[in-house]
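Residue numbers (this note's numbering), protein chains in the order written: chain B, 1 to 352; chain W, 1001 to 1256.
Please keep in mind that the hints were generated in silico from the structure rather than gathered at the bench.
Treat the hints with care, as some may be off.
[Unchecked claim] Cut-off 27 Å, straight-line C-alpha distance, at most; resulting in silico cross-link-like pairs (DSS-like, lysine-lysine):
no. : chain 1 : residue 1 : chain 2 : residue 2
1   : B       : Lys203    : W       : Lys1193
2   : B       : Lys203    : W       : Lys1004
3   : W       : Lys1219   : W       : Lys1235
[What the hints assert, rightly or not] FRET-style restraints, in silico, Cβ to Cβ:
no. : chain 1 : residue 1 : chain 2 : residue 2 : range
4   : B       : Gly111    : W       : Gly1149   : 36 to 42 Å
5   : B       : Gln175    : W       : Lys1013   : 52 to 58 Å
6   : B       : Thr201    : W       : Gly1007   : 17 to 23 Å
7   : W       : Asp1230   : B       : Asn45     : 51 to 57 Å
8   : B       : Arg315    : W       : Tyr1157   : 51 to 57 Å
If you're wondering where the values come from, they're calculated on a predicted model, not measured in any experiment.
We put the beta carbon where it would ideally sit given N, CA and C, even for glycine.
Below are the chains, spelled out letter by letter.
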Amino acid sequence: MNKVLMSGNNIIGEAAIRAGCRFYAGYPITPQNELTEYMADHMRNTPGGVFIQSESEIAAINMIAGASAAGARVMTSSSSPGISLKQEGISSMAACELPGIIVNIMRGGPGLGNIRPSQGDYFQATRGGGHGDYRTIVFAPATCQELADLTMDAFDLADKYRSPVMILADGMMGQMMEPVVFKKPKARVYSEKFILRGAGTGKSKFIRGLILDAIDMEEHNWKLARKYKIITENEIRYEEHQLEDADLVIVAYGTAARIAKGAIKRLRDNGMKVGLFRPITLWPFPELNLRALSAKVKNFLVFEMSTGQMLDDVRLSLQGYAHIDFHGRPGGAVPTPSELANVIARNYDKND
Amino acid sequence: MAKKVYGRPKSLKENIFHYCPGCGHSIAHRLIAEVIDELNIRGITIGVPPAGCAVLAYNYFDFDMIEAPHGRGPAMATGIKRILPDRVVFSYQGDGDLAAIGIAESIHAANRGENITVIFINNAVYGMTGGQMAPTTILEQKTTTTPVGRHKTLDGYPLKVCELFSLLKGVTYVERCTVTSPANINKTRKAIKKAFQCQLDSQGFSLVEILSPCPTNWKMMPIDACKWIDEVMSKEFPLGVFKGNITPEKKIAEVV
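Throw the hints in and build the complete structure from the sequences for me.
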C-alpha cells in the first residue's frame, strides 16, 4: 500500500469506509465538515453504503443507532457543541449495547465557543458524557497515521464490546495533512443474534434501554460495569517517549502531545531530561502504567489545551506519589513548542 | 361445527395489556397486529416503539422491535430502513413524541420520503407522565399543566399533524381516523393496511393518525371519552384521508 497525503478529516472517512462502515449520518459543523463531505462523496459510491445529511445531531446519532441495530457498521461525526446534542443517543447506544463510532473534532468552548482547536471535551468524553452509569472507549490520535489506524480499530472494538467508541481529536488534527498508509482492515466479527432483521419464522427479538424493574436495571448496570472492567484490563494504549533517563515527564494527548514532543527536543538540546507519557486511550486511562512511572520519576507536568481536565486522571493515577504541575491553554489558543519549553525550563531547576 | 371468525392475531404475544381501561392503545396494537398478519409480513417487520405509554409495546407485539429515545423513532426507523430496504419498518408515536420533542425527526423523515410508516396516536395529553398538555391539546382543554384550560395566547394552538405533513412532497399517504366505534375501528384497520401496503409498494412515507381515548387523564368514563372524541376532538382534528396519491410513478428512487 502506497503512502497518500490526506487531511485528517478525510483520513477518518477513508479509514471508516475501508473498515466496512456502510452507514454515515452527519450534520454540518466546523471544523469537521470535510469528513461529512468526504462521506457524501464516497459513501454512495460504495456498494451498500448509505450517507444521510441529517436534520440535526440528535437525528444523526439515532439514525446510526437504527442502522447499527439493523447490522451495519456505522459512524457519525461532529464537533463539540454537536457532540453535546448527541449525548442522548450515545447514552442510549451504551444502554442498548449498540456498536457505533462517534468522531469529535473538538473546538473551543463552552457554548458555541469558537472553531479553533481545543481539548475542552475531555471530561465529557471520558465520563460517559450523557446520563447514566456508562463509559465509552475514547481514542485520542496524535498523528494522521493514528487517525487511520485508530478509526479502523475503533470499529473492531465497538463490535467486540458492543459499545459506542469515540474518536477524540481536535480542529488541528482534523485539518492537518500528513502522509498516511491505510492498513488492511480485519474481517468483521459480530454475532447475528444482536442484529434485528425481522423475526422470519423464528422468535422475535427486541432491543431496549428501558428496564422498569429496579433489580433488573441494577443487574443491567452491573453487566455493563463488568464489560467496562474487561475493557480496562485489555484495551489500554499509551506511548512512552524518551522516558529512559527522564527526571520530568510531560503527560499530554493528541495535538498537545505533538507540541510536547517539540518542546522536549528543545529542552533536551539544553540538557534538560524531559520525556512524554501520552495516553492513546483516554478511557480506559493508563492509570497503572502512569503510576508505575512514579517509582522512578517524581516530577510530572500535565499539558492540555484546556484549563486542566486530564489533570484529574493524572492525579488519580499518581495518588500523591509524585509532584504534578500543569500548563494549559484553553479556548482555542494553541501554544507553540517554544512556549511550552519555556514554561518547563523556568520550573525545571526548582524540581529535584 | 362452529366456524372460527375471530382469534388473537399471531403478531400479538399472549401478554395482557397494561393499558388503562378504555385506552385506545390496546385497540391500535391489535389493529396493527391484525394487518401484519393479513399482509403476512410478521417475519420482515421491525417496529420502533416510543417513550410514553406504549414504551412497553415490545411486550405485546411479536415481531422485532427496537426502542427509540423520546421522539427519535423516525430517525431510528430511517437508519433501519436504509440498511434493510426490503423490510417493513414502522414507528409508533404519541402526540408528545411526534409533534413536540420529535417534530424535527418526524417532519424530516417525512420530507425525505423515507419509505416507512408512522402510526401516530393522538390523545391530546402526555399520558404516561400524568396528563400534561400535549402539542395536540385543544383550546380550553384542562390538563395538569393547563389547569384552567389551554389558553391560545399563553399556550399556543393545537398542532395539526395530518394537515402539516400532507403538505410535504415526500409524503405519500396520510389519514386521520379514530377507534371510538366498531365502524371507526374498521376504517382505522383499513387505513393501517393501506399505509403498510404503501410501504410494501415502495411508495414512500405514510402516516396514520389515530384519535385515541385517554379516559384516565381526561378524567372521563371510557364511553364519555369516546363521545368527547366524536363530538369535540374530531371537530378540531377532522377525520379523513389528507393525502393518498399513491401512483406507480411516485415510486421513490432506489438508494444507490
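Against the structure, the hints come out as follows:
1. B/Lys203 / W/Lys1193: Distance ~24 Å between B/Lys203 and W/Lys1193 Cα, so the pair holds.
2. B/Lys203 / W/Lys1004: holds, 26 Å
3. W/Lys1219 / W/Lys1235: Holds - the C-alpha atoms of W/Lys1235 and W/Lys1219 are around 20 Å apart, at most 27 Å.
4. B/Gly111 / W/Gly1149: 36 to 42 Å: holds, 38 Å
5. B/Gln175 / W/Lys1013: 52 to 58 Å: Between B/Gln175 and W/Lys1013, where Cβ atoms are some 53 Å apart, the hint holds.
6. B/Thr201 / W/Gly1007: 17 to 23 Å: The hinted range 17 to 23 Å holds for B/Thr201 and W/Gly1007, with Cβ atoms some 19 Å apart.
7. W/Asp1230 / B/Asn45: 51 to 57 Å: Because 54 Å falls inside the window, the suggested range holds.
8. B/Arg315 / W/Tyr1157: 51 to 57 Å: holds, 55 Å
In this structure, none of the earlier numbered hints is contradicted; all agree with it.
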